[in-house]
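Trainee: Position chain C relative to chain L; hints supplied.
Quick note, the sequences are listed as chains L and C, same order.
Residue numbering for the first sequence follows the working numbering, starting at 3 and increasing by one per position.
Residue numbering for the second sequence follows the working numbering, starting at 3 and increasing by one per position.
Do not take every clue at face value.
All copies of an identical chain are treated as equivalent in the list; a pair is satisfied when it fits inside any one copy or across any two copies.
[Said to hold, decoys possible] Taking lysine-lysine pairs in the BS3-like style, the calculated list, with each CA pair at most 27 Å apart, reads:
#1 Lys248 / Lys39
#2 Lys255 / Lys319
#3 Lys441 / Lys39
#4 Lys64 / Lys310
#5 Lys21 / Lys443
#6 Lys326 / Lys127
#7 Lys310 / Lys479
Honestly, the hints are just simulated from the structure, not real lab data.
Protein chains: 2
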Amino acid sequence: MANNKKNDAITARDVDFAKWYTDVCRKAELMDYSGVKGFIIYRPYGYAMWEQIQKHMDKKFKELGHENVYMPMLIPQSLLQKEADHVEGFAPECAVVTKGGLDDLEENLVIRPTSETLFCEHYAKIVNSYRDLPKLYNQWCSVVRWEKTTRPFLRGSEFLWQEGHTIHATEEEARKETLQMLEVYRSTAQDLLAIPMVTGRKTESEKFAGAEETYTMEALMHDGKALQSGTSHYFGQGFAKAFDVKFLNKDNKQEYVYQTSWGASTRLLGAIIMVHGDDNGLVLPPRVAPIQVMIVPVMQHKEGVLDKAYELEAQLKAAGLRVKVDASDKTPGYKFADAEMRGIPVRLEIGPKDIEKGQCVIAKRLDGSKETYALDDDLGSKIHTLLDQIHDEMYAKALKFRDENIRTAHTYDEFKEILETKAGYIRMMWCEDDACEAKIKEDTGATSRCIKEDEEPFGDVCPICGKPAKKVVYFAKAY
Amino acid sequence: MANNKKNDAITARDVDFAKWYTDVCRKAELMDYSGVKGFIIYRPYGYAMWEQIQKHMDKKFKELGHENVYMPMLIPQSLLQKEADHVEGFAPECAVVTKGGLDDLEENLVIRPTSETLFCEHYAKIVNSYRDLPKLYNQWCSVVRWEKTTRPFLRGSEFLWQEGHTIHATEEEARKETLQMLEVYRSTAQDLLAIPMVTGRKTESEKFAGAEETYTMEALMHDGKALQSGTSHYFGQGFAKAFDVKFLNKDNKQEYVYQTSWGASTRLLGAIIMVHGDDNGLVLPPRVAPIQVMIVPVMQHKEGVLDKAYELEAQLKAAGLRVKVDASDKTPGYKFADAEMRGIPVRLEIGPKDIEKGQCVIAKRLDGSKETYALDDDLGSKIHTLLDQIHDEMYAKALKFRDENIRTAHTYDEFKEILETKAGYIRMMWCEDDACEAKIKEDTGATSRCIKEDEEPFGDVCPICGKPAKKVVYFAKAY
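Same shape as in the complex, but just chain L (with noise of 0.2 Å):
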């Protein structure tokens, strides 16, 4: 059966992970490199998801109150040098402007790597009360972090993203807001992109620089690596201060502001490649996918077939689906193959014997599986319904298989034998010193994902010192 054909120029995943990854960010034309290292070109299929995403967290962003700003992508670089934390961080990441014009620059300029500095520099010119509080910002940009091994997607020395950047009177405010966001970005995950993630909280070691607390979703790839996928920071007053972002408070009294910021990239577009890829391709979840029908015609050249093909376009695009007619000159079977590949959710057939018999033949790209439906007025609201099915269908398989790949370790034998035989999270109480997490990456790989506050303690000893353990937290190797 041609929708059940291998795709020879994919490598295989259990083969190769890594190769088929790369073939199939290249074959199913997500992205291209350019001809500088790290900087990759988003192509129509793959800017298209973005796009879907970026409508989705934009409109909730806005229903939650966020205004959409636009800060300079170049920063001096004593203004990103006034967080100590900070800099240290991200110093060693930066791209460096030192010519403008014709002219050698007076002051040095940096490519924003993120742009807290900006945002303080800014808001500690316009808040004066705490009648200006909150300010919720956010903004859609690239950024430019110089990384030495890059990946289409999943590292990149040049990454779209949003980055929120809020402010608020109270702590308490500026907590919920950091949790709130987090919780934006995991339903986002589950209700667009079916992948479902592991939420907590990051350690000391792995948070953000500058942060005091950095929350991440993390989602679990096919080989079993984590990816981290999102992450929201509660910053205190830490960059207040070094910005002097002053309020006068209810009591009259100037107090620092409270400060989050929170991110999420197109590194979620390798999560939908890698969470449901299979060894055709992409399979794309329906509700990001840029087409979710793809119309087939069979015997097109057979007078009546093109049309009817271009009248269903018509009719489903009106019901509100995301539809196109391959009508190149390729055979069915090439573009049962390339849909595919493609992972477009659903493939309509449709022939001279289905028009006779006022049918077409609907085939998932999930699971091969095909079904006859009637060409009547209600085949959009049908493949709306069998989409959602789909979208829930691919949830539940992407929550099933991360489920069976949280394992727990009492020991560390324990630990290093899950990790080389099964891979996936380890779940391990662990003291909260920063040495033993240093152990375990330098002796393994794995890096600490999350502290989860919010499972009980199965133990009382962490298995890597022996000293008391309070906090169960997830390790995996990690992309």
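Mentor: For chain C alone, kept in the frame of chain L given last:
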């Protein structure tokens, strides 16, 4: 009357138009300056207008078959140098990255001043046959051009824009695309921004670096200066030859593609401000206004007033209007002046007496006129109708101003006299010699804005040199 109160902090237009402009930009919180000259902060109220423009244009682009992509922010210097005219035009304006991470780069990288070179390099890789054509790509991003003299929105070292880059199998198709996109810009200006444009072709000396032909739309500001507000370029095969972008045509022969590019930027915000604004501040065209209706409760401490205001807000939001309640602790008079300064098209006043009578008062920002509206289910649709009326009135007013400020010069003396006393556009017959343009520019500061090939010649001699002239050209002082 409060709504006629002059806003003291804004300089009158006739006293100092440049000062008026920056006063409005800052007081209405459209932008703020950053620590780097020429790099501005787009504040929420300014950015929200850009978002409206993006939404409107992006929809049109997609309806015409264009797809969005994202190209890298950095261009290797060697790539930028491949097309001779292009590099000559842009090299003096480039911001150059010489360090990445902690190392000096082997090759300097330029922050994109525009992305023709990147698109060409990519197209060369992905296009093989006429079946791959056309490629109709667009990207939304910011670009950097080092400018010595900068003004918010009008000329900055960084600005936001979209750049469309298309390639075609035939010259005819590419030429059609060039004009089609100019028309998209022109109609966007008319339908969304209520700005009448003058459109035409740029002279050789004013065209884009590397283009065969540049088409432009020009808006006329209140001070009689023109503002280039969007351009569309036909490249022929120039870039294709420099970057080797070839395809196998239907006759099975290798041929270079025919190319276009077109861009519109946040300059359009400058046009909105300077075309429509008055001495009290902004006057925003309703379709681009971030807030279309500001509800001002009168005697808001009285029971039921604020509730009614929020109830109306919900009703009007549900009717698809962008609406806000000003529930701050300021006086109604202050709120009226503030809404006026921010250019909000319609103010809705609601107080205890209005509620009693089941009515509200609606004031138009454009002319200060007030009318009473019944508080019934039709209020939303009535305000929609009113906003459409306001749009039409604003367009008609701007069109009248534009048309009154197009004057014809038969002699150079006449030209200079018009320029000194009245400004605006000056129509002149032109010999097509760069030298005459250059002389005008040197003598008067006015530049050719565009060749009006759709206008009948009204003479046959160039007033500058006395040689034969066939082209009607519009000159003006310009931003």
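Trainee: Now tell me if each hint is right for this structure.
Mentor: Going through the hints against the structure:
no.: 1; hint: Lys248 / Lys39; verdict: between (42 Å within a copy, 25 Å between copies)
no.: 2; hint: Lys255 / Lys319; verdict: neither (58 Å within a copy, 38 Å between copies)
no.: 3; hint: Lys441 / Lys39; verdict: neither (32 Å within a copy, 48 Å between copies)
no.: 4; hint: Lys64 / Lys310; verdict: between (41 Å within a copy, 24 Å between copies)
no.: 5; hint: Lys21 / Lys443; verdict: within (25 Å within a copy, 60 Å between copies)
no.: 6; hint: Lys326 / Lys127; verdict: between (50 Å within a copy, 25 Å between copies)
no.: 7; hint: Lys310 / Lys479; verdict: neither (51 Å within a copy, 57 Å between copies)
The earlier numbered hints that this structure contradicts are 2, 3, 7.
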